[in-house]
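Participant: Take a look at the letters that make up each chain.
Protein chains: 2
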Amino acid sequence: MVLLPEKHSPQAGWLTAARPWLWRRRVIIIMTSRIKPQIVIDMLLLRHCPRLSRLCYGSHRAAVPAVIASARFSRDSDQSHVRWSRRWTHATAGLLAGTGAVLAYALHHHQAEQADVSLPSPPSPPPSSPSSWSVFSQEEVSRHRSLEDRVWVTFKGGVYDITEFVSMHPGGDRIMLAAGGAVEPFWALYAVHNQEHVLEMLAEYKVGELRAEDQKKQSLNPSDPFSADPDRHPVLHINNMKPFNAEPPPQILTESYVTPNVFFFKRNHLPVPQVDPATYKLHVEIQGPSGSARRGIVSLSLDDLKNKFPKRTVTATLQCAGNRRSDMHNAKPVKGLNWGIGAIGNASWSGASLRDVLLAAGYAPDDALWARHVQFEGLDQDVGGTTYGASIPLRKALSEDGDCLLAYEMNGEELPADHGFPVRVVVPGTVGARNVKWLGKIVVSDVESSSHWQQNDYKGFSPSTDWDTVDYKTAPAIQELPIQSAITVPADGAKVDRSDEELTLKGYAWSGGGREVVRVDVSVDGGKTWRIAKLKGDEAGSPPPGQAWAWKLWELTVPLPADTQQLELVCKAVDSSYNMQPDAVLPIWNLRGVLSNAWHRVKVTIKDDQDE
Amino acid sequence: MVLLPEKHSPQAGWLTAARPWLWRRRVIIIMTSRIKPQIVIDMLLLRHCPRLSRLCYGSHRAAVPAVIASARFSRDSDQSHVRWSRRWTHATAGLLAGTGAVLAYALHHHQAEQADVSLPSPPSPPPSSPSSWSVFSQEEVSRHRSLEDRVWVTFKGGVYDITEFVSMHPGGDRIMLAAGGAVEPFWALYAVHNQEHVLEMLAEYKVGELRAEDQKKQSLNPSDPFSADPDRHPVLHINNMKPFNAEPPPQILTESYVTPNVFFFKRNHLPVPQVDPATYKLHVEIQGPSGSARRGIVSLSLDDLKNKFPKRTVTATLQCAGNRRSDMHNAKPVKGLNWGIGAIGNASWSGASLRDVLLAAGYAPDDALWARHVQFEGLDQDVGGTTYGASIPLRKALSEDGDCLLAYEMNGEELPADHGFPVRVVVPGTVGARNVKWLGKIVVSDVESSSHWQQNDYKGFSPSTDWDTVDYKTAPAIQELPIQSAITVPADGAKVDRSDEELTLKGYAWSGGGREVVRVDVSVDGGKTWRIAKLKGDEAGSPPPGQAWAWKLWELTVPLPADTQQLELVCKAVDSSYNMQPDAVLPIWNLRGVLSNAWHRVKVTIKDDQDE
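These protein sequence lines are chains A and B, in that order.
For the first sequence, the positions run 159 to 770 when our numbering is used.
For the second sequence, the positions run 159 to 770 when our numbering is used.
Just so you know, these hints were derived from the structure itself, not from any lab.
A few of these clues could be false.
Same chains, same label: a pair holds when it works inside one copy or across any pair of copies.
Calculated lysine to aspartate or glutamate pairs in the EDC-like style (CA-CA distance at most 20 Å, straight line) [said to hold, decoys possible]:
1) Lys-314 to Asp-389
2) Lys-692 to Asp-629
3) Lys-692 to Asp-624
4) Lys-694 to Glu-297
5) Lys-599 to Glu-443
6) Lys-314 to Glu-298
7) Lys-364 to Glu-342
8) Lys-490 to Glu-713
9) Lys-653 to Asp-721
10) Lys-686 to Asp-624
11) Lys-761 to Glu-322
Predicted model, so just to flag it, every value in this text is computed and none were measured.
Kindly produce the complete structure, drawing on both the sequences and the hints.
Facilitator: Next comes the structure, spelled out in structure tokens:
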């Protein structure tokens, strides 16, 4: 056994140098007041000692065994994006299966067993009498998002300072995603938290309670049309505040096949409308050919939609036309929100079939003689009263295989305000922009929607078309989207350790029009050579041909090449029509930066052991 | 007026040097025994003389005015493909509209007007008495395919030596495509030939008659299973003789929206079967789930198909999965027939609807519970009796919008032997391999066809998959094909004249699955900058969304860049799902060389005037 005080400099790499000597010890304890990146590396190295049976470190407040890999979280001051270490990934892979939390709990509750270590006692738990709790606003909670500022989270109205627990978290630094906000959405992702002892652990970190009104809507500010917008999870990366446009950190996308509602990208064109579900009405009409009288005007309440039509559920991926616009913008500037790779998500949608509703509203076979489009109008509107609108081909709306829904549930929950409460259209396989939210009106027509977003936006153009020459009439409105894929893990610019020996890549792949993703090729040398990733689709099995509405997640573990320190990771997907992603960005560049589906590229650096 | 004997060397460019002097003359006649490329250039230059009213040249046998641009045809001895000059293209553009033939005819008949030119008389026409005609075999005719070997063609049993006419042909060197074979298919392409005076002109070149038996099938050779194969047009480029696989010269593809049957690529897997239409039977059966009894066994005669079901017509492009394989093979060797860009064609197919036939055979809605595929079996078989087979998804076969046909006509004619006489399946939007010819059997099944071509061929793989690692079970059978386009004119390696000042590119573009081609981008600098080509679709108008089964032809005229002598022409198409072609070949390389749809690239050289 050996007890190491915290005297080393992380840069000096003393522990690495001392490895041969340490190699022969059975128990090693490292004393430190702060969890530093280097210590985690050292501990991971020491875990390979052939005789080692226990490896611990002690904080200034507690000595906690930590054979689990600990977290590293750093925020680079010179860039706005949080950068994550990938180091823990492999070390914690097994723990995530469920044993990790149990282990952490056991370790936490059995500090007494550390009889051979002389350390200060842990602090007393905070008072447990509810009357004594401080009350914090959400804003105050949101300021606690780092080890330096303390790490606070909320859970069912309670506020918890979990700073001390961060290093013990079996899931590693994922816990920092919840910093400053609610843990519930993460716990929904990781079923391992659904255990009583997890709540017991959390209770010990309670520091106060969340102000009651922060769980309700903020008081309205009549001068700001966006004042009624709902609260959003702080982990979202905001591309625009008003209207709200935000995406989750990429790695969250590949944590679960279905994207939790709070993390699902939000793409609003206008303020979120306040809709009273009790008085909500959806108007449906069959508009005859231009000039003829309208008919089949039907008004449906939310209850009508829920009770008069069979409830259908479709798992479908929605992607914004601007997803990955930043890749295009970086190649040559475009106009549009600077989306990363997170303007995509996969959800299980439930509602009435659009086809059923159209037939109930009086759509008849004869209408096929003139009808071509189904227009949708949202209840969201600008200060001038212009509402959001879009349309889809009639065939898609009417097809039994088209699976279009008037959805009132998302992942088993009531449709969230940001996703169109109380009803949105879900048009599987079709660009997000046609999946109109806060749906107010459906019109069967011989013409497309006349809205700005159908006529003069969401269209693709040649790289040779600029703002002086663009004629929106010359291009079709985007409907089905092309094949797409991206690498979510590791992040661009990540550093990996040579000693890891291998690297696991994760990502998503999806194609529009119900075309199933059949292969994802991955390269670690910029596209010179390729490997085939493992695909993970719906556990329920393969969809029928032409109805593959949901993405596939993919994963691939590759050995780290010995002869290079820079890796250019690339992925490209293939769909069931054998469409492939274009290689480069510039040849598909377009002035609005839509349809950005060139090969996704991520650069990572391999750090040799002697680098530190 | 000036009379120039043929004394100049083409390399010396004397005519160019003498231009200022010649510039002032009103009539110029050039004496030459052979039509040489330089003379054509010189003549084109001289046509710009401000005072010139007539420009003629004289052969050793005839003096023929030729204000029309004359042909150049060269065969490079070091390469197997015929290379065509593009020089005549612009000069003859107007003539092709119909005036050209008239002009040529007029010129031909009014040699007497050349009274101011002293030249030998034209030869006497060959004897017109039928009894005196020599009889030639098709093989003998086929040997006459160049100016050196004389140019022979056949028309309605007659054999014609048109060598002298080649330089007068208003359509330029296109006439050489007919050399050694029949002119009828070309005349079907160019309606301008449907005039009496054209026949009168042709009659003057008659040299004999085609052996009667050469218009019938060759006598059967029982030792050769391919001995009953039909005759094919000699213009086809043969990739394999037995089984027959051949494609037309690229430029023919863009001459007409619908590809004439004789020029439509032939892709046979086995000998062409001899089917007696009188006794032909198509078997249709609904095969229950594995193990259950078969039912709905129906046997339909050709008359049944023609008379018991409505005749439907669909214009659809068929493309071989191996089209453009040579591009892939050139990047890295693959196994397969070395198709150029001509394994694609567009035809108007007529027949019974597959859906109608399946319903008539007893397909019922309940069958959707187990049925997934429709299998097709051809009557073509190998020596062991194995027949060609393939299958398509049931949904495609049953969909009213799928437009699948049991076709017995192709472009208004009885289905040709090479294209499946008497009946083939046409599966619009789907790879050629599933459009089974000489159809003998249709089976509704819960499984795909077990044939080699469905299970172990016609599938796409990663570039990392080689013959040691390939597992055909891991990839789906190709059905819908991805977006494709190619440049048919100019040909790779062509030379264009600087003095042309501009260059016209032509090509085709098509996508599978009924996705309409919405844009073709063209580059003359290897893909750095792009222009948008003009698309030419069906004159009947745009198809409904998802039913764009036919290709679009495209064309673009660009100014010749002043600063370069080498142009790299590139095209890439975009379909209605905004799928685009991949940039490069190697990243989509696959061991069988299928799905070769990277940007098509053609290199041309600009020849400056002083080059010659």
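Participant: Now tell me, hint by hint, if it's right for this structure.
Facilitator: Status of the hints after comparison with the structure:
Taking identical chains as interchangeable, the C-alpha atoms of Lys-314 and Asp-389 lie at most 20 Å apart only when both belong to the same chain, with a minimum of 15 Å there against 82 Å between chains. In the homo-oligomer, the alpha carbons of Lys-692 and Asp-629 lie at most 20 Å apart only across protomers (15 Å), although the nearest pairing inside one protomer, at 43 Å, exceeds that limit. Only between protomers do Lys-692 and Asp-624 lie at most 20 Å apart by alpha-carbon distance; the minimum there is 18 Å, versus 40 Å within a single protomer. Taking the closest pair of Cα atoms, Lys-694 and Glu-297 never come within 20 Å of each other, the shortest separation being 38 Å inside a single copy and 60 Å across copies.
In this assembly of identical chains, Lys-599 and Glu-443 lie within 20 Å of each other by CA distance solely inside one copy; the values are 8 Å within and 47 Å between copies. In this homomeric assembly, Lys-314 and Glu-298 come within 20 Å of each other (Cα to Cα) only inside a single copy, at 16 Å, whereas the closest approach across copies is 94 Å. In this assembly of identical chains, Lys-364 and Glu-342 lie within 20 Å of each other by CA distance solely inside one copy; the values are 15 Å within and 92 Å between copies. In this homomeric assembly, Lys-490 and Glu-713 never come within 20 Å of each other (Cα to Cα): the closest approach is 30 Å inside a single copy and 28 Å across copies.
In the homo-oligomer, the alpha carbons of Lys-653 and Asp-721 lie at most 20 Å apart inside one protomer (16 Å), although the nearest pairing across protomers, at 46 Å, exceeds that limit. For the identical chains of this complex, Lys-686 and Asp-624 are inter-copy neighbours only, at 15 Å across copies versus 33 Å inside a copy, given an alpha-carbon limit of 20 Å. Neither within a single protomer nor between protomers do Lys-761 and Glu-322 lie at most 20 Å apart by alpha-carbon distance, with minima of 32 Å and 66 Å respectively.
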